[in-house]
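Engineer: Given chain A, work out where chain B should sit, using these hints.
Residue numbers (full-length UniProt numbering), protein chains in the order written: chain A, 1 to 716; chain B, 1 to 716.
It is worth saying that the hints were derived from the structure and are not from the lab.
Please read all numbers here as calculations on a predicted model, not as lab measurements.
Be aware that one or more of the hints could be misleading.
Since the list can't tell identical chains apart, any single copy or any two copies may satisfy a pair.
Subject to a maximum C-alpha distance of 30 Å in a straight line, what follows is the list of computed DSBU-like cross-link-like pairs (lysine-lysine) [stated by the list, open to error]:
{"no.": "1", "residue 1": "Lys241", "residue 2": "Lys214"}
{"no.": "2", "residue 1": "Lys170", "residue 2": "Lys184"}
{"no.": "3", "residue 1": "Lys214", "residue 2": "Lys170"}
{"no.": "4", "residue 1": "Lys593", "residue 2": "Lys141"}
{"no.": "5", "residue 1": "Lys232", "residue 2": "Lys480"}
{"no.": "6", "residue 1": "Lys214", "residue 2": "Lys651"}
One letter stands for each residue in the lines below.
Number of protein chains: 2
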Amino acid sequence: MLVSALLTSVGINFGLCVLFWTLYSCLRKQPANYNVYAPRLLSEGRSEGSGTFRLERLLPSPGWVRRAWKSSEEELLSSSGLDAVVFMRIITFSLRVFTLAGVIGVFILLPVNFSGDQLQDVNFANLTSDSLDIFTISNVKNGSKRLWAHFCAIYVLTIFVCFLLYNEYKYVSSKRISYFLSSKPQPHQFTILVRSVPVSAGTSVSNSVERFFKEYHPTTYLSHVVVYRTNKLRYLINDTKKLYKSLIHLRKEPAAAKFQCSGFFGLFKGKGDLVDHYEKKLENLEENLRLEQSDVSLAGEEVRAAFVSFKSRYGAAVALHMQQSDNPTQWVTEQAPEPHDVYWPLFSESFMRRWISQLVVLVACILLTALFLIPVVFVQGLANLSQLEVWLPFLKNILSIAFVSQVVTGYLPNLILQLFLMMIPPIMKFLSSVQGHISNSENIKSACNKVLWFTIWNIYFANVLSGSAFAQISIFFEPKNIPARLAVAVPAQASFFIAYVVTSGWTSTSTELFRLLPLICSLIRKLFTENTDDEFKAPSFPYHGAIPRVLFFGLLGITYFFLAPLILPFLLVYFCLAYAIYSNQFINVYAPKYETAGKFWPIVHNSVIFSLLLMHAIAVGIFTLKRLPLASSLIFPLPILTLIFNAYCRKRFLPIFKAYSAETFIKKDREDPNDAMTAEFFDKLATAYRDPVLLPVQYSSDSGSQNRPLLSLVED
Amino acid sequence: MLVSALLTSVGINFGLCVLFWTLYSCLRKQPANYNVYAPRLLSEGRSEGSGTFRLERLLPSPGWVRRAWKSSEEELLSSSGLDAVVFMRIITFSLRVFTLAGVIGVFILLPVNFSGDQLQDVNFANLTSDSLDIFTISNVKNGSKRLWAHFCAIYVLTIFVCFLLYNEYKYVSSKRISYFLSSKPQPHQFTILVRSVPVSAGTSVSNSVERFFKEYHPTTYLSHVVVYRTNKLRYLINDTKKLYKSLIHLRKEPAAAKFQCSGFFGLFKGKGDLVDHYEKKLENLEENLRLEQSDVSLAGEEVRAAFVSFKSRYGAAVALHMQQSDNPTQWVTEQAPEPHDVYWPLFSESFMRRWISQLVVLVACILLTALFLIPVVFVQGLANLSQLEVWLPFLKNILSIAFVSQVVTGYLPNLILQLFLMMIPPIMKFLSSVQGHISNSENIKSACNKVLWFTIWNIYFANVLSGSAFAQISIFFEPKNIPARLAVAVPAQASFFIAYVVTSGWTSTSTELFRLLPLICSLIRKLFTENTDDEFKAPSFPYHGAIPRVLFFGLLGITYFFLAPLILPFLLVYFCLAYAIYSNQFINVYAPKYETAGKFWPIVHNSVIFSLLLMHAIAVGIFTLKRLPLASSLIFPLPILTLIFNAYCRKRFLPIFKAYSAETFIKKDREDPNDAMTAEFFDKLATAYRDPVLLPVQYSSDSGSQNRPLLSLVED
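Excised from the complex, chain A in its bound form (with noise of 0.2 Å):
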């Protein structure tokens, strides 16, 4: 790539990414925009905005960035938990790494491979002094002894970055405990999961669970809710919303739209018919639902597992811990998660069918992470230029503008890439919600490890070691050959990376400030519809997308760091604009929905890892190429010294994100006060896991207002 060539991306993207904050600075202040750019004030009741015209609603101001970087760490936890503290925390450690790594790279790599003079030693044909690879690595001489100030970056940034990791590691785990200790009694605590209870003939689930826990555990056991089997019940509850919404809206709309719309088609029946026959159906719908709902309870769908709960913390953590029975496929005991989290669609499956999921969803992952490829290069080449001209005749004089058809040629194919990498994070929470997990939280954390690797393979090691995809993978079965084949094929697109941060990283993450999609979505949904503010609520972070962005730029960074340092300045802009941007949502945006307490720090400590191992590996292989041997032996110390570092953290901190100690149960049971509040939780605690479907039926998911059963609402 050109500097020239580089310098145009760059300032295309620039100019987007101001585009996009001037025209969010300018839109979130319009009150008809809220429900994008403020749901969370929206639906805390919050949004400052009045209905009144004024004309600084129109000027861009940028009070919100100062706003976004000025918020601390305290606001953040308590309005938005300790998983947004710990996504925030990845982009601080991360631009703390690319602050140093940017000092070393610029000042000293730099300069050391511009003076280098071996790429116009080796005169390639099409070598310009304009090109970018000077300011690479493989300007340096082969065998020179400025390669050594290489080595000492790697080192130093290696030590750097272990530091920090194990200081984080450290923070984030104390702040897990002080999450924890500073809480709130929650049911969660007091309750654990069992599974596959045994049943003897003529007793219910229920009966073995009373009977166990008050045989083993007398002293500590409160109460259990049984699991039922509701898949039916969910599919019928279902219909009757969606008909109740019909229904609603029917009610609401002026009378006039309504008989144009059945004069217009003439087969349908006049307003009063229409309502009536929807009354009449959903009042079936529900005295169906009623008796499946007693069936349910009573004649026993009852799953062979229990939510017990405990009277103490402590007694729920002894529980979870001591295999239960003397045999382990009976009473599995498991951690519950929080009311609103557990994911029931899951406990309908029997063990087995749960057991071939597991295996099938990993084999799915797999070959989707391997072959995603060979499809998108298949659909990019339906999409060229002759396809089009032949599917879309229309377009042909239109095509064959130049500019036009360079575009087309130019962006289809990435437009195309992109498309199917959107759907990845909602298709690895699709794969994760069928592996079995039992709550929301957990799919979440389980797709956030998916769609990282798969990032990882995708985009990195996909453009790296371009071939097809059976040729990539077999470098993992010459374990000897890869620092070799990584020194060659991972300095060759350095540009390609610089590109993709400024594209990528920039222009992505501003799109994201100006939420393109849902801003579409709404304007469409106002077009369209009228009613707009029914069953409106804030977004959940998507963690399972952002995170393994936010890593992936941290890897790209971490093996380039001494490969090409010109990359640094682009991805220091990147988290930078990252920091502002989602501490801005996690202001506006976003509502926290499920707490893991930071369960999501591990994932980044092993992907850094990974990214150091890798920046070895590749050291390694330079190093040889370099005709450096004896720099390239001293490196070997240290991916073992990283990996005992990694072992040391696995084995110190670890255990604290899996669960917390005696002490800390103790501490926090002894400090309950014996009073009538907590009474009253445990009182809550009994009910606190019945499946909602189970529960008379809501037909909205505010609690409050509109918690009414329908026929009320339908005889009123």
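Structural biologist: Frame of chain A; chain B shown alone:
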């Protein structure tokens, strides 16, 4: 190999076996050999022999075989513990497997192989009708439909083995639980070991432990014993004991012998002087010892570890399974071993030193296993004929005799290999003891695993994949080629391994019966010393040597089952011999020292699963080689199903071997009567885990009669 050669080998080894058995049947009845052939009975005071001479003592009698063969599992369980039962079950398990395999192999596969004519068609130059190869799968025509017989046999055997494995795992784990339920209260059931106790300045380890457990386990905590750094003391005690022995020896010896001795050297003093000198030295040593003992316990060479006892088994289990502290590297808990099973020297090492030695041991084991044959081959090369003639010129005439030189060249390398191999179990046990296990039984278990993989690598793979060690290892870097390489190499070694079963299996096991080495040692001892009955102790069974050997024959049988079914009858004979011999040895020779309560079984299970997978890999290769690709592909589900079966067993049974369940603990706790016996037990529990070197010195390992302090003995 030719049939005649095999018959010769069988003949020689059969003769040796008969000789050993006859000799054993005679010698065991001589009272002089009781310490070799019935040390267990002797040490228990149950040896039946009288000093009077009877003629029948000189005649061999087979009564012991009947007795050994008929001894029931209950008897074995009560006399030698669950570990012995598990060991015998390995043999009965193998007998069952190879009975079915033998029937299929000899009556179906052998005729099929024999009736093939592939080898005659190819007509090797050196093929005679006498060759053993016509009994192997190599003789079946390429692409022949008859290979489906082998295919079916593989499926049948795999299913049968998995069925048996499941039943055995189930049986052993139920035995383990019932063994626990029927056991008397034992200190290790109530005790855990706590390591990495954090100590704040000004307090001792003991105070820290007490404060922590009184705070967080107030209802169940009973007492604790802090571990001290006692290496110095251990050396002192050893010195004292040695000196004491010499003194006793000196006193007992007739005066004549001593004067002769001291006269002979001229430098020694008379008997009286010598005894005085020794007594003085001993008194000094004892003084030192007492000072050191009080030093250790007072001034505090405390290790940051303690044995903590609880009032109930369940209380101990809860403390064991819960993470105790917010910092997972502190208050690390571990199940305590039986008090006499604790491996005390270990505790003197610091945490870092133990961690490093773990790494070192790991590397040492891998190197030893992978590169063992290199020095062996080198030594074997040194010990050839011409070298011997150079070193020992007086042998020249003898070595020039053709027969002698043949024996030397044929047997000497083999002998050297055997000598080296004999050193492996002790070496592995030593390495395990350095590794950081806290009990002797853990050391043995770990050594058992190491020896098993060592045997499989250095006998199986080294023979099959002949070539340099590095060439062998390289096979694992090309996983795709494993089946093809095995398919070529494994059948070629069939006759070698048949001979191996006969020589190493039959004769070595008979040597175990005959106890050649202890017999020789005993004879030598009798020749040079006179007092033979002091410090007499029955040896404990060398599980780390015996289990890998039996498992290795199982591996041979399973992998050669369909390749060369001729091996199966020989294996069956081996397992019958082993059953009779080991059963007899458990009755007469070995006394149980530690009890792991069946923890060896998971090793057995894993080894058999590995054998099955290896067989499948070879089968895939063979069917490809024999041009029956369909069979080759249809084998593929088999390893996958085997792995799934293994995964299920790991989930279903393995946890039982790690820890008992809450159910079991609570049941057992409720059974304890609330009487004086129990109170006495709890009193003893408080001191059960004191380091033996801190107790008053005992000069004999017999705890009964000679349990008085030395000075009293010196003074009387």
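Engineer: Are the hints correct? Go through all of them and say.
Structural biologist: Hint check:
no.: 1; hint: Lys241 to Lys214; verdict: neither (40 Å within a copy, 57 Å between copies)
no.: 2; hint: Lys170 to Lys184; verdict: within (24 Å within a copy, 45 Å between copies)
no.: 3; hint: Lys214 to Lys170; verdict: between (39 Å within a copy, 28 Å between copies)
no.: 4; hint: Lys593 to Lys141; verdict: neither (55 Å within a copy, 68 Å between copies)
no.: 5; hint: Lys232 to Lys480; verdict: neither (55 Å within a copy, 48 Å between copies)
no.: 6; hint: Lys214 to Lys651; verdict: between (36 Å within a copy, 26 Å between copies)
The structure is inconsistent with the numbered hints 1, 4 and 5, although it conforms to all the rest.
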